[in-house]
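*Asks:* Since the structure of chain W is already known, use the hints to place chain V on it.
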Amino acid sequence: MQEEVLLDSKVNSEVQLPLRGRVVRGKWLYRLMTFLVVFGPGLIVMEADNDAGAVSTYVQAGAQYGTRLLWLLLLLLPVTYFIQEMVVRLGIATGKGHAAMIYQRFGRWWGLFSLVDLQLVNFLTLVTEFAAISLALSHMNIAPRVGVPLTAVGLTVMVLTGSYRRWERVTVFLCLLDLAWVFLALKLRPSFGELFHNTLVPGIPSGGLTANLVFLIVATVGTTIAPWQLFFQQSCIADKRLRFSDLQWAQLDTFLGAVFTIVVAACMMVAGNAAKMHGITFSDPAQMANDLHLVSGEVVRSAILLLMINAAVLGTTAISLSSAWAYGEVKGWPHSLDMPVKKARGFYVTYVLCVGAAAAIVLIPGVPLQLIILGVQALAGIMLPSAIIFLQLLLNDKQVLGEQFTNKCWNNWVNWTIIIVLFVLSLILATQVAAPRLFPSN
Amino acid sequence: MTMLEVLRPTTVSEVPEDHFLVVHPLDDVRETKIDTSTLGTMPMTASVKLSLMTLRGYLILMMLLVLYHVLDLAGVFGQRAR
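So the sequences go chain by chain: W and V. Quick note: the first sequence uses the working numbering, first residue 1, plus one each step. Quick note: the second sequence uses the working numbering, first residue 443, plus one each step.
Isolated chain W (complex conformation) (with noise of 0.2 Å):
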């Protein structure tokens, strides 16, 4: 049995007002309840990064080479997994965002470069946002300069209400609605058989290492695994004021989140071999869910749009927030989500310029929207390496951690190893670009 209950400072001497919480009997029940309440950022950060350009990313990559690269996803599960409990620890440890803490501990001057950084491929990832909302719109016959002020202006909506839970739910809400990838893919009718060798089978497509290929592991690799990611999960944590208790219950929320988040990837990928399948070729998703109609019918065509438009929503927020956070951490301003909005106005101020901006520029007349999205996946997986090296060094820092929350030798062992793939990967990517020649171009 549960029951919401009002606790007075009778139960704990330290509480000044009253407590709410849920008085549950039996333990796994307060195990599951004590989840529920944690449960989250893990989702969020995760799901939010299957974002437009994503979409766009794993289609392709389906549509190319059909489900021949879904060993590559599976890899990305761990490192993305590993690389984000590092930030779970961090945030708990310390609530504070990430950030604040790359100032605090490696000075003014990375501190400024970090946070450039990350306001400058955010700013161009959420022009990504909404230039696929843009196009998705415009295949629904919804005129984009009404529907992309419209979703900018739900958007603001969503984040001003002054309630981190409210924003949560809604958020978590829109995580789940991205289940309806597994249905289309399962319509679509893959062969199983395949999908399950390509996923434990790592291999090559047919045609060999290409430059188109390289780009696109490079741009899968940089979506899957993203900067933003670090400084929003950390701020989402130091503003959800997780507890050290609460830390197995994160850990537990980052691990299903990059499995959910997986899965939908892959089913994104099923969706691009489906266009293959048919010999449909495309520019962009819309586009292949217009192509499809024709052979699966409206409601897949329906389905990928709206998914589209769903997967720029949770990015744009997200990403959104990443922003408003981490320059509010490094400006000293109030930046929390359950701060009504004249409590914490440059917080909520900078999340409204980059939706707004974004939003804007996307009205102006002939955005390339596909290479924007390459060239920014691109952008965040050269930095992400960089972004990480901060991170382990932070994770390493017993000044701030202490023993119970420091990297353990394994943690080490991983993250440097992923570190170095990431570094490997980039490299690769500097000499296609500075030597193209080297790489057969198909």
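Hints should not be assumed to be uniformly reliable.
Said to hold, decoys possible - Covered stretches of chain W, as calculated for chain V (at least 3 residues, CB under 8 Å):
#, region
1, 24–37
2, 82–96
3, 99–105
4, 272–285
5, 395–406
Just so you know, these hints were derived from the structure itself, not from any lab. Quick caveat: nothing in here was measured; it's all calculated off a predicted structure. Cβ atoms here follow ideal geometry from the backbone N, Cα and C, with glycine treated the same way.
*Replies:* Here is chain V on its own, set in the frame of chain W:
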């Protein structure tokens, strides 16, 4: 008893012996975290500092390369080399 009745807030002064209390972090007493504001910057050896400086140069170079690649794909430099 309906679900709404189960969830209806009530006021209690103590948690019964064999029950557990679940408190949302935002409703809980604010925890005292590790105070990082007085620590200053992280002590770093010269080699770590040099590595970070190298990283800085690397990042700037890579960002320029990506910019070049994107502009190249956009056809800003005319006919693509390959």
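*Asks:* It remains to establish, for every hint, whether it holds in the given structure.
*Replies:* Evaluated hints:
Coverage of the region 24–37 of chain W by chain V holds. Counting CB-CB distances below 8 Å, 9 residues qualify, and the rule asks for three or more. With a threshold of 8 Å between beta carbons, the proposed coverage of the region 82–96 of chain W by chain V holds, since 4 of its residues qualify and at least three are required. Only residues whose beta carbon comes within less than 8 Å of a beta carbon in chain V count, and the region 99–105 of chain W has 3; three or more means the coverage holds. With a threshold of 8 Å between beta carbons, the proposed coverage of the region 272–285 of chain W by chain V is violated, since 0 of its residues qualify and at least three are required.
Using a Cβ-Cβ cut-off of 8 Å, 5 residues of the region 395–406 of chain W lie near chain V, which meets the minimum of three, so the contact claim holds.
When held up to the earlier numbered hints, the structure conflicts with hint 4 and nothing else.
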